[in-house]
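Visitor: Listed below are the residues making up each chain.
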Amino acid sequence: MAQLALPRQATGATATAPWIWLLNAVSLVGVMASLYLALWWTPKEAVEGDVFRIFYIHVPIAWNMYVAFFVVFAASILYLWRREPIWDRVARVSAEIGLLFTTLVLITGSIWGKPVWGVYWTWDARLTTTLVLWFMYLAYLLLRSYSSEGGQAPRYAAVLGIVAFVDVPIVQYSVTWWRTLHPQSDILAPGHLTGSMLLGMFVSLVSFTLLGLALFVQRYRVESMRDEARTLRQRLEEAEG
Amino acid sequence: MVTESAAPPLVKAAKPPPALRYFRQVGVMIRAETLAELRRRETPVAMVVFSLLVLLIFSFAFDLRPGAPPDVLSGVVWSAILFSGMLGLGRGFAAERERGTLDGLLLAPVDRSAIYLARLVDNLLLMLVMEVVTLPAAAIFFNMPVWRPALLLAVFLGTLAFAIVGTLFAVIAANSRARDVLLPVLLLPVSVPIVIASVEQTAAVLSGPTLLAAFPWTRLTVGYAVLFFIISMLLFEHVLDE
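Chains as they are written, first to last, in our numbering: chain Y, 1 to 241; chain D, 1001 to 1242.
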């Protein structure tokens, strides 16, 4: 069996850097704080009362969903341009996180919808666009899992990542306009934010963004190690065969 | 007796400009692929039969009869067109890989985007051929006034826009394991604006003879087609095997 020179980082790969511990701790504290603010500290909303409180989670998660999708787009472009595996890794991790957040947005939105609209789902512009976005993320991940092991999958996924992101504003426009042409019965808009509610929303926004970042870092490290393992395995097979 | 190499030609044949050469390459590819496929008749026949069956099933699903509301009819016809179109898109590239002609094409000094253009024309023609049968069938089944220029324009634009994105995704899906299932999964979310716009335009024309009321949708379709045509031309080389 040929001697394999292990790359230097292989030995230190499992050690967690201090900044990652800090990020995880801060995001945990932040999420706890925002839950406290959302559920107890902030006042009831004028029209919807306590039902509104889910928005302190719903809005930051929606924001993260868009950020993740943008990261997929940017990383896809960088991958096609540079062909460096790191960008492909960033894209697929971000797509996974994005799908998670999109699912949560749809679920929290439905939970809000039931008492306010009387139904779990309505084909209004926002919900429909988010559902299309969910399908696009899903398509990205399915494309990756159905691709045979090889150099092609990252390229295909990158193309999809670019096309899908460019399409999002068009989908938003067409669905919104379709809804204005065929209006449904009165849909209550989300309530307005006043003073202390703004603080609650801001804390939520920051903590859930940190949470998203922490999740991304965790997932990225796992994927990074997995890629490294695959490379080593390939080298082993080549050396033996 | 004059041999070939006896004297140089008196007039040097002019080399065609690059743009003309490009389109000539596209034309040759189209002639090779499209005519071969249409002559073979497998794919167009399957597409036509499938679209007619979709019309049939939907008539059961919604209890459609002549005089059904134009919105519903428009949706049914477009469902038939889009599902059948995806069938054709999926088969096209798979057949080419099986025949091995794609490798020959890649070895030739052809600009990659020319391959995309040829595939696009090929897919577009297939769908238009299918629609030549589907639209009259829908006219008969549901008493739809199909023979209006505005409606034909709306159908053509929607088909073009769908084929532009579909051709790109068809290549991607063809190279994966679950290619038949993957193409709709990739294509349908991205085509949502086209689906909405086409159904709205067609419904508008069915209600009144002109496209004026639905013109913003026409504008959206054209804009979408232009945008994704440019993007597809740029990205296509990344999608072909090296």
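For the record, the hints were derived by calculation from the structure and aren't laboratory data.
Be careful, since some hints might not be right.
[Unchecked claim] Which stretches of chain Y does chain D cover? Using the computed rule of at least three CB atoms under 8 Å from a CB of chain D, they are: (1) 155-167; (2) 171-182.
[Stated by the list, open to error] One side of the interface only, derived from the structure: several residues of chain D facing chain Y at Cβ under 10 Å: (3) 1137; (4) 1140; (5) 1143; (6) 1147; (7) 1165; (8) 1186; (9) 1189; (10) 1192; (11) 1194; (12) 1208; (13) 1211.
[Said to hold, decoys possible] Which chain Y residues face chain D? A few, computed with CB under 10 Å, are given here: (14) 18; (15) 127; (16) 129; (17) 136; (18) 147.
Values in this document were obtained by computation on a predicted structure and should not be read as measured data.
Using N, Cα and C, we set each Cβ at its ideal position, and we do this for glycine too.
Visitor: Does each hint fit the structure? Answer for all of them.
Guide: A quick look at each hint next to the structure:
By the rule of at least three residues with a Cβ nearer than 8 Å to a Cβ of chain D, the coverage given for the segment 155-167 of chain Y holds, with 10 such residues. Proximity of the segment 171-182 of chain Y to chain D, defined as three or more residues with a beta carbon under 8 Å from a beta carbon of that chain, is established by the 7 residues found. Annotation: interface hint on residue 1137 (chain D) violated; nearest CB of chain Y at approximately 27 Å, more than 10 Å. Taking 10 Å as the C-beta cut-off, the interface hint given for residue 1140 (chain D) is violated, the closest approach to chain Y being about 28 Å.
Because the smallest distance between the Cβ of residue 1143 (chain D) and any Cβ of chain Y comes to about 24 Å, over 10 Å, the interface hint for this residue is violated. For residue 1147 (chain D), the suggested interface contact is broken, since its CB lies about 26 Å from the closest CB of chain Y, more than 10 Å. Given hint, residue 1165 (chain D) at the interface with chain Y, holds; its Cβ is 7 Å from that chain's nearest Cβ, closer than 10 Å. Of the supplied interface hints, the one on residue 1186 (chain D) holds, with its beta-carbon coming within about 5 Å of a beta-carbon of chain Y, less than 10 Å.
Because the beta carbon of residue 1189 (chain D) sits about 4 Å from the nearest beta carbon in chain Y, less than 10 Å, this interface hint is met. Interface restraint check: residue 1192 (chain D) against chain Y, minimum CB-CB distance 5 Å, threshold 10 Å, status holds. Look at residue 1194 (chain D): its Cβ gets to within about 8 Å of chain Y, closer than 10 Å, so that hint holds up. Evaluation of the residue 1208 (chain D) hint against chain Y yields a violated restraint, the C-beta minimum of about 15 Å exceeding 10 Å.
Interface hint at residue 1211 (chain D): violated, since its Cβ lies 15 Å from the closest Cβ of chain Y, which is beyond the 10 Å cut-off. Among the interface hints, the one on residue 18 (chain Y) is violated; its C-beta lies about 39 Å from the nearest C-beta in chain D, farther than the 10 Å criterion. Given hint, residue 127 (chain Y) at the interface with chain D, is violated; its Cβ is 13 Å from that chain's nearest Cβ, farther than 10 Å. Using the Cβ-Cβ criterion of 10 Å, the hint placing residue 129 (chain Y) at the interface with chain D is satisfied: the shortest such distance is roughly 9 Å.
Annotation: interface hint on residue 136 (chain Y) holds; nearest CB of chain D at approximately 5 Å, less than 10 Å. Interface hint at residue 147 (chain Y): satisfied, since its Cβ lies 5 Å from the closest Cβ of chain D, which is below the 10 Å cut-off.
Checked against the numbered hints given earlier, this structure breaks hints 3, 4, 5, 6, 12, 13, 14, 15; the rest are met.
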